[in-house]
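*Asks:* Sequence:
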Amino acid sequence: MGTARLPPGIMAQLRAQLPALPAKEQAVARLLLERPHEMVQVSIRRIAAEAGTSTATVTRLSRKLGLKDFRELKVALAFEVGHFSSLPPSLDVHPEDSPLTVLRKVFQAEVQALEEALAGIDGETFAQAVELLASAKRVGIFGVGSSVPVALDAYYRFLRIGLPVFMAPETHMQAVAASLMKGGEVALFISHTGRSRELLDSVREAAQSGASIIALTSFARSLLVDKATVALVAPVREAAFRVEAMATRVVHLAVVDALYVALALRLDQAAWSLARSQQAIDAQRVRGKEDAFR
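Here the sequence shown is numbered in this note's numbering, starting from 1 and rising by one per residue.
Read the hints as simulated data drawn from the structure, not as lab findings.
On a predicted model such as this, the values are computed, not experimentally measured, just so you know.
It is possible that some hints are incorrect.
[To be verified] Here are the simulated lysine to aspartate or glutamate pairs, DMTMM-like style, with alpha carbons at most 20 Å apart:
1. K24 - E50
2. K182 - E131
3. K64 - D122
4. K227 - D201
5. K227 - E131
6. K227 - D257
7. K68 - E25
8. K182 - E205
[Unchecked claim] Per label pair, the in silico range of CB-to-CB distance:
9. R71 - V176: 52 to 58 Å
10. G52 - L180: 50 to 56 Å
11. H37 - R285: 27 to 33 Å
By construction, the Cβ of each residue, glycine as well, lies at the ideal position given by its N, Cα and C atoms.
Kindly produce the complete structure, drawing on both the sequences and the hints.
*Replies:* Following this line, the structure appears as structure tokens:
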């Protein structure tokens, strides 16, 4: 069969579903993710044996990915491995790596993260998120921990195109702000795992208040996704040398940028808001050496 009929982003789907898979299916998924080039060459029995499970488990995992059987999974995986063949299979750094090697590996890792996440994001879901944000009476941005810089960027970008947006800087304030939201408003929650206790408190408050919830996260199954009206799942592979959400931050920033551009093209007030806010920014800039020391 042709690859055009296969669902895109098999590795991204595996990564997104990994935490919620049963243990035996997780073992198969990890094998496929860690050694994709090799796994497209071996039999279903070999994969089952190496994962310490049965061929039925491998088939069951294939069907969870929207495929008929392991044969289709191999075809999809082979297509994807070929698509990303220009990128190294491992970008982990080592103590003996030079600073230049580290620079190259980090950049290549970010490129790879963006490519793979794009393959896993559902286009229809993204369009639904744009529609919700464009029609919202007010938009709240929520994030904790390493997601705070992404949340701040989303707040600033949406503010510049005239979206009625707010953000609370601290978790207790976020819970209060979420509890005071209303129907017709939208809460955008940004979280790598979707399992942060502080963030989920605000999610619960926003849901009870009647606001629509958009989740931007890395995993397809979590309490955040369960509560979301729309879930933007951008799967991210983390290399061993990086802290948990390093590549995630880059991917989530890219999704925010895409939302910003899509909204700027759609909102009537965007052009005026951008021009007016640019005037305010320009007024803060130094015009010459004399101004710099005044």
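*Asks:* Determine for every hint whether it applies to the structure shown.
*Replies:* Consistency of the hints with the structure:
no. : hint                   : result
1   : K24 - E50              : 11 Å, holds
2   : K182 - E131            : 18 Å, holds
3   : K64 - D122             : 16 Å, holds
4   : K227 - D201            : 11 Å, holds
5   : K227 - E131            : 18 Å, holds
6   : K227 - D257            : 24 Å, violated
7   : K68 - E25              : 16 Å, holds
8   : K182 - E205            : 11 Å, holds
9   : R71 - V176: 52 to 58 Å : 54 Å, holds
10  : G52 - L180: 50 to 56 Å : 51 Å, holds
11  : H37 - R285: 27 to 33 Å : 50 Å, violated
Violated hints for the displayed structure, listed by number in ascending order: 6, 11.
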